[in-house]
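Student: Given chain C, put chain S in place with the hints provided.
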Amino acid sequence: MRAQIEGSQAVAEVVVLCRPEVIAAYPISPQTHIVERLSRMVKRGDAGSCQYLNVESEFAALSVLIGASAAGARTYTATTSQGLLFMAEAVYNAAGLGLPIVMTIANRAVGAPINIWNDHSDSMALRDAGWIQLYAETNQEAADLHIQAFRLAEELSCPVMVCMDGYILTHAYEPVDVPDQTAVDTFLPAFSPVQVLDPNAPISIGAMVGPEAFTEVKYLAHQQHLRALSLIPEMAGDFERQFHRLSGGLYAPYRMEDAEIAVIALGSVIGTIKDAVDELRLEGIAAGCVKIGCYRPFPSLQLRAALEGVSRVIVVEKDLAVGVGGIVSADVRMALQGSAVPVHTVIAGLGGRSISIASLKRMVIEARAERLNEPHFLDLHTTVIDAEQSRRREQRRAGPIAEQVLRAVKAIGAKAT
Amino acid sequence: MQTVRIHGRGGQGVVTAAELLSIAAFADGRYAQAFPSFGSERMGAPVMAFCRIDERAIRTREAVTHPDVVIVQDPTLLHQVDVFGGLSAQGYVLINSTRSVEELGLDKFLNAFPDGHVCVVPASDIGVTHMQRPVANTPLLGAFAAMTGLVELASVQSAIRQRFPGALGEANAAASKDGYDHVIACLSQERSDSHHARAN
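Chains C and S are the protein sequences, given in the same order.
Taken in order, the first sequence gives residues 1205 to 1621; the numbers are from this note's numbering.
Taken in order, the second sequence gives residues 24 to 223; the numbers are from this note's numbering.
Calculated from the structure, these hints are not laboratory results.
Treat the hints with caution; some may be incorrect.
[Stated by the list, open to error] Quick partial rundown of chain S residues pointing at chain C, CB under 8 Å, derived from the structure:
| no. | residue |
| --- | --- |
| 1 | I46 |
| 2 | D51 |
| 3 | G52 |
| 4 | Y54 |
| 5 | A55 |
| 6 | Q56 |
| 7 | A57 |
| 8 | F58 |
| 9 | R82 |
| 10 | T83 |
| 11 | R84 |
Keep in mind it's a predicted model, so treat the numbers as computed, not measured.
Ideal placement from N, C-alpha and C gives every residue a C-beta, glycine not left out.
If we strip away everything but chain C, and leave its shape as in the complex, we get (with noise of 0.2 Å):
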């Protein structure tokens, strides 16, 4: 039924609608409110038989559904931030096994200095852990992706993760379409596990692997990925011709028709870049943009073919590689090599600052100009930047560098948001 609820509720409903068995997790802002309502939900019985273990730490949380998914059992999480980087040993683990875990990311940026608003750093500093990451816009997509994460890691015996962005959109109240039991169960079919642990037919999971096998292992595991990029876009067609809506899929483009300049992205402030290309399409300027659904495994022939007939590429992402630039940018120039088309690394909402319509309009025409540092940090505020550069080269112990940025956006009355 279609309502105005909040993204974590839309979620919550959603993942119990799946039918878990066992849900395991630790609080943490923004990820709280789904883990919060699941619990209640696990509590009421609205979720069957599922067991919902409140854990000691997020390295728990994900330990015991390794467990558990070794067992046979349908199983989610959900964190963020330092909650994921503190679960990172189990979160290779889970993948290396082959156990189809699907955790949402509710994405938040990753300290220090302590932060709890959104960016992407925490699902890109685990990237290439050998789970799938898919990317939701909207938490109508957010919530339809979990439907097709199940499905999807049951069919690879591979995790997924469904990043969502933290407060944009699991703290937004929009409208949502929450499925009923019937359609979910037509999507999803019960788990039926390539490897279980069964004292009937015994069986040992996670071998010592040496020298002479490791490279096999993770050569299959690569191909597993690589499967994935055929069946999730057959996924996204089996869910739009029952459910018809357009919800996942490796890549969608907007405007790409005749698209001279194109913005590509991650995750919700693709509604933001839409509105911008509209606007800049107004103003003449041929702009279209392609949301990346799917990062891991990565798109680059799609996209390539997606990019066709662009002269120019920006690449807006919320992460940020210290000393080298983008993460993004660089997958997708890889996608784009032997093409002589520019990519642009553009470094926005970083810890949560707002990005505005109008820095996306600046951006295109400055990088049309060909105006834009590589990197560009969209938003900067530059004499920040250059009052404590020059501080610093003032004064040997010149102190901690959060404290001062700090002060000097106060002090400077920059809008900080």
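Tutor: Chain S alone, transformed into the frame defined by chain C:
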């Protein structure tokens, strides 16, 4: 698209107000989006929440920097935070206070707005009457419905009852009705004043 920015302090139900407003607009058949501001949020700290209302699906996620309506739940913020920043010259202002615009020292700025676009509502007092606590958000939502006509009072009340079932919801729904009535009375007073002013 209409954009609303609500100012208050952590713990005053600012975020809840934006959420309820979006639910009311949805019930009226519109598209709506509500979300909190991204800043330090703790009890007592200045906080903001936003709501967008439109006839078509809302895509943008940026913070509301140029609101059509500003609601100030806590008048102690008036000279502390730039609550009117970016407000449209044709916009609406709703302030929770028992004092007049003149007493608040805002007459010079607010008199420039069109007639019927500025209202001061004793929302905390209404809250005390109905909830025995200075709850200002639900009276202000009723006042918002009366002043802007962007949502129906009945939709605001049903959103309130949905969120707070039972006696608490009824008390808040009654408080929103008082907020609504206060604005209707203010507007009719304003009209009769301006009529007299013209007659003189």
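Student: It remains to establish, for every hint, whether it holds in the given structure.
Tutor: Outcome of the hint check:
1. I46: At about 5 Å, which falls below the 8 Å cut-off, the nearest Cβ of chain C leaves the hint on I46(S) intact, so it holds.
2. D51: D51(S) check fails; min Cβ-Cβ to chain C is 11 Å, beyond 8 Å.
3. G52: violated (11 Å)
4. Y54: Holds. Min distance 7 Å.
5. A55: holds (6 Å)
6. Q56: holds (5 Å)
7. A57: holds (4 Å)
8. F58: OK, holds: F58(S) within 8 Å of chain C, min 4 Å.
9. R82: holds (4 Å)
10. T83: holds (5 Å)
11. R84: Status holds, d = 5 Å.
Checked against the numbered hints listed earlier, the structure breaks hints 2 and 3; every other hint is satisfied.
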